[in-house]
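Same order as they appear, the protein sequences are chains A and B.
Quick note on numbering: the numbering used here labels position 447 of the first sequence as 447, and the sequence is numbered without any gaps.
Quick note on numbering: the numbering used here labels position 240 of the second sequence as 1240, and the sequence is numbered without any gaps.
If you are wondering where the hints come from, they were derived from the structure by calculation, not from laboratory data.
Where a beta carbon is used, it is the ideal one built from N, C-alpha and C, also for glycine.
Be aware that a few hints might be false.
[Said to hold, decoys possible] Cut-off 25 Å, straight-line C-alpha distance, at most; resulting in silico cross-link-like pairs (DMTMM-like, lysine to aspartate or glutamate):
1) B:K1179 <-> B:E1160
2) B:K1077 <-> A:E30
3) B:K1179 <-> B:E1222
4) B:K1077 <-> A:E84
5) B:K1077 <-> B:E1355
6) B:K1179 <-> B:D1210
7) B:K1077 <-> A:E53
8) B:K1179 <-> B:D1191
9) B:K1077 <-> B:E1222
[Stated by the list, open to error] Just some of the chain B residues that point at chain A, by a computed CB distance under 8 Å:
10) G1056
11) V1057
12) D1061
13) W1065
14) L1316
15) A1358
[Stated by the list, open to error] What follows is a set of in silico ranges between Cβ atoms, one per label pair, in the way DEER data are often shown:
16) A:P211 <-> B:S1095: 26 to 32 Å
17) B:Q1320 <-> A:P80: 38 to 44 Å
18) A:P16 <-> B:Q1320: 52 to 58 Å
19) A:S62 <-> B:Q1320: 56 to 62 Å
20) B:A1190 <-> A:G15: 53 to 59 Å
21) A:A78 <-> B:Q1320: 39 to 45 Å
22) A:A215 <-> B:T1312: 38 to 44 Å
23) A:P16 <-> B:A1190: 49 to 55 Å
24) B:H1281 <-> A:A370: 53 to 59 Å
25) B:G1242 <-> A:G15: 57 to 63 Å
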Amino acid sequence: MTRFDAFHLPTPPRGPFHALREGDRAGDLEVRWPEPTPELLRGATDRLLAAGEALRQRPVTSIVEATDRVAARFADPADPLRREAEALLPAATGYHPAMIALVLDRMAADWRAPALSRVLDAELGGTAVLEAFVATGGRLTTAVPPRLAFHVFSGNVPGVAVTSLVRALLVRAPSFGKLAAGEPVLPVLFARALAAEDPELGAAVAVTYWPGGSAAAEDALLAAADTVIVYGGEGPVNALRPRIATGTRLVEHGPRLSVGAVGVGPIEGGLEAAAGRAARAVATFDQQGCVSPHAIWVEGPDDRAIAFAEALAGALRTLEDELPRGRIAAAEASQIQQERGAAEMRAHADPRTRLWTGAGTAWTVVLEPAERLRPSCLNRFVRVHPIADLAALPDLLAPARAHLQSVALEGGGDRDPVIARRLALAGASRITTFDRLPWPPPHAHHDGAPPLRELIRWTDREP
Amino acid sequence: MLDHEGRALAAELSELFARGATAPLDDDAFARHAGRVLDYAIRHVPAYAGYCRARGVEGGDVAGWQHIPAVPTAAFKELRLLAAGATAEAVFRTSGTTRGPERRGEHHVASLALYRASLRSTFRAALLPEGPALRFVSLMPAPAELPDSSLAWMIGDVMEAFGAPGGGVFADTRGLDGKGLAGAIDAAIADDAPVLLLGTSAAFIHWLDDLAADGRRFRLPEGSRLMDTGGFKGKGRSVPPGELRAAYGDRLGLRAHACVNEYGMTEMLSQRYDTALRDHHAGHPAGDRDPSGPRPKFGPPWLRSVAADPETLAPLPPGQPGLLRHVDLANLGSVPAIQTEDFGRVDERGRAYVEGRATGAQPRGCSIAMDLLLGAP
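Bound conformation, chain A alone:
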């Protein structure tokens, strides 16, 4: 039994400690977390606020360099830090080791200097405006970071939490992160590695776990932080929103889903190749990400959609071996069985419905007509819908506007710009390809907002 301490705090906690109830997706991992006493939290937030003073004196380039060194460790298969992550994450999350390796590779790339510089350039034109008043657009402006950022993490995709902490560091804000039960590991490893690499920066990051809905702990952090960043389902987001004080900024990354669309225009490699790319997008994160496609619309006659679904199923079958689906809970398997069985019964009553399935609950493709977006039960369960005219898709998706995130659009041909614009109006914050769907570039508008700017406020100096 491996033990893991799900915390990194300025002063080691005295306890009492609790065991994290992992749910039946987890493996052989004993995770403990400290009671979030008022003293513990106050001590942490006081130290973080103090660390913020030093942080705001650090040139941003030095923060980029230190983060880059930590990221390089995560990217290096021989590094003990990477090895530790690969040993702990499958047990903590249920994801297959191959998925963890893929996620670590791609996520770590986002924390390397080139990616960090790219987002600083794209959003802020460099680092100067974070450190001084800069003349832009005919006035003098400076960026002011949060005094203390309180992040509430979700556990669906390892790495997203670390990216959140990195963004706060880039703008020179100290952070307190509340870990998710589904993934309590990576932010802790990052914080520890950062502290080892650069104690001053490490002092500006604290993370720990407590069960969601622990009102006293949340209240303590809501009182101390001037910026709150929440990732998660409706529950956590709705529970916190009413308690945000005036003057505190709330950044929400609530529940989102993504979809795919395949038009009759030219497609890179043809329809089958697109299906292969789509399969990979479905399989990545076992479809648990906000970027993961729940459904794919295929323009044209019914047999084009059938051909696409057939190829998608074949590609998912291949991915069973190459990128196996992780361990899921009985409830998740049960949902898949229910949805499959219902789809199968429909298929026996209606020839327009077809079903392809993998071994056990490994993956499912359901082809059927649909007038609206039907969310998937996830874990590689995807619907394919024929559509006569792709131009009708944005209106069909519009009711899901509050939850739509990314759309993989291929084969749009000449109509691409118009359809893309209408998808934007329907709520999509990214229109991309299947290949890129799971991996937004670091400077992408996350849920429609620029990730660094959404943390910053601005001060103007008028002559």
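Assemble chain B onto chain A, guided by the hints.
Chain B in isolation, oriented as in the chain A frame:
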């Protein structure tokens, strides 16, 4: 009403049900009856025929009742599973609360007589193993108020069949009639007439909360008992069964063996009940059963359950936990086997231990849940 052939089969089954829920049915006899119900379903419900064919099941012959193809409860939301040639005498709908405002499951019932025959026998075995007629006091609205509730129909039916004068219904679609309820109970206490309380666990929790707020308690007459059912969630409150029984003891003076939980569903016409009252009456107390775990639930001999592996849906041996599947001969007219999302196990004696909805899925963060999107305006 079923077609001619169905009516004949239903008549045989009714006769079987009338023998009572305690008259055992050996494996061969069960298999024989199950085979005929399966065969009828295959020939009359085309979607089910396809479903069976895909599993290599062409007719009533199947290698063991555990392998009768089980339709997931979700399919009742998508299709009308009613035998060809039959008309529905009632259409019951699921409450639709667990998954939000999406389509509700529908059970088109071809033969209410069959439903009645099954439910009365099992109810009698579970709640009325002995003693004088009881006043039935219901916290469930009458069937006329909730025409698509199979539970309301069932409670209305047993009240009619078994209830002594002096009972009544003390709820409607607006809520509980706390005053009427208290009045009926006070009267029963004054007459020293035992009562049988019936309702959903949620309704009982609500009522007990009201009693606690008023500081009221009742000492129900000797012989009184209670049947509750459904999830153990009050309005936003979840109360574990053991705790609820303790509350029944505290507020109503009922001992644990007099509190019987019923397990049923809209998609299935037979029910299971805690063995507690039957066992107590037969002189078999709970014994060394794990008091914190789920209680064993018995069903009539024409209902058999098995736990299925969540990954493969393969039937599991007795004792191993999985997703519960039920083969219910009273379901003649729809489909004979139902795959549920309920997690639990079945023992060597065929009794089911129901943990509840399969759990373990931590909310998965920013990706979306079905009920959320479907609830979006």
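Hint by hint, here is what the structure shows:
Under the criterion of a C-alpha separation no larger than 25 Å, the hint pairing B:K1179 with B:E1160 is consistent with the structure, at around 23 Å. Our distance criterion of 25 Å between C-alpha atoms is broken by B:K1077 and A:E30, whose separation comes to about 41 Å. Simply put, B:K1179 and B:E1222 have alpha-carbon atoms about 22 Å apart, close enough for the 25 Å limit, and the pair holds. With a C-alpha separation of about 46 Å, the suggested pairing of B:K1077 with A:E84 is violated against the 25 Å cut-off.
Only pairs whose Cα atoms come within 25 Å are accepted, and B:K1077 paired with B:E1355 is accepted, the gap being roughly 24 Å. For a cut-off of 25 Å, the pair hint linking B:K1179 to B:D1210 stands: about 11 Å separates their Cα positions. Pair hint B:K1077 plus A:E53 does not hold up; C-alpha atoms about 59 Å apart against a cutoff of 25 Å. Restraint check: the Cα-Cα separation between B:K1179 and B:D1191 comes to about 18 Å, which is no more than 25 Å; the hinted pair holds.
Of the pairs offered as hints, the one joining B:K1077 and B:E1222 is violated, with about 44 Å between alpha carbons and a cut-off of 25 Å exceeded. At about 14 Å, the closest approach between the beta carbon of B:G1056 and any beta carbon in chain A exceeds 8 Å, and the interface hint on this residue is violated. Checking B:V1057 against chain A: minimum C-beta separation of about 13 Å lies over 8 Å; hint violated. Because the smallest distance between the Cβ of B:D1061 and any Cβ of chain A comes to about 20 Å, over 8 Å, the interface hint for this residue is violated.
The restraint placing B:W1065 at the interface with chain A is violated, with a minimum CB-CB distance near 18 Å, outside the 8 Å limit. Interface restraint check for B:L1316: the shortest CB-CB distance to chain A comes to about 12 Å, outside 8 Å, so the restraint is violated. With 8 Å as the threshold, the beta carbon of B:A1358 comes within range of chain A, its nearest partner Cβ sitting at about 4 Å, so the hint holds. Between A:P211 and B:S1095 the Cβ separation comes to about 29 Å, which falls inside the hinted range of 26 to 32 Å.
Under the hint 38 to 44 Å, the C-beta atoms of B:Q1320 and A:P80, about 40 Å apart, fit the expected range. Taken as a hint, the range 52 to 58 Å is violated for the pair A:P16 and B:Q1320, whose Cβ atoms sit roughly 36 Å apart. Range check, A:S62 to B:Q1320: Cβ separation about 58 Å, and the 56 to 62 Å hint holds. Checking the proposed 53 to 59 Å range against B:A1190 and A:G15 shows it holds: the Cβ atoms sit about 57 Å from each other.
For A:A78 and B:Q1320, the Cβ-Cβ distance of about 43 Å falls inside the hinted range of 39 to 45 Å, so the restraint holds. One distance hint, 38 to 44 Å for the beta-carbon pair A:A215 and B:T1312, holds here, with the actual separation near 42 Å. For the pair A:P16 and B:A1190, the beta carbons lie near 53 Å from each other, so the given range of 49 to 55 Å is met. The hinted range of 53 to 59 Å is satisfied by B:H1281 and A:A370, whose Cβ atoms lie roughly 54 Å apart.
A hinted range of 57 to 63 Å for the beta carbons of B:G1242 and A:G15 is inconsistent with their spacing of about 30 Å.
Hints 2, 4, 7, 9, 10, 11, 12, 13, 14, 18 and 25, counting from the list given before, are not met by this structure.
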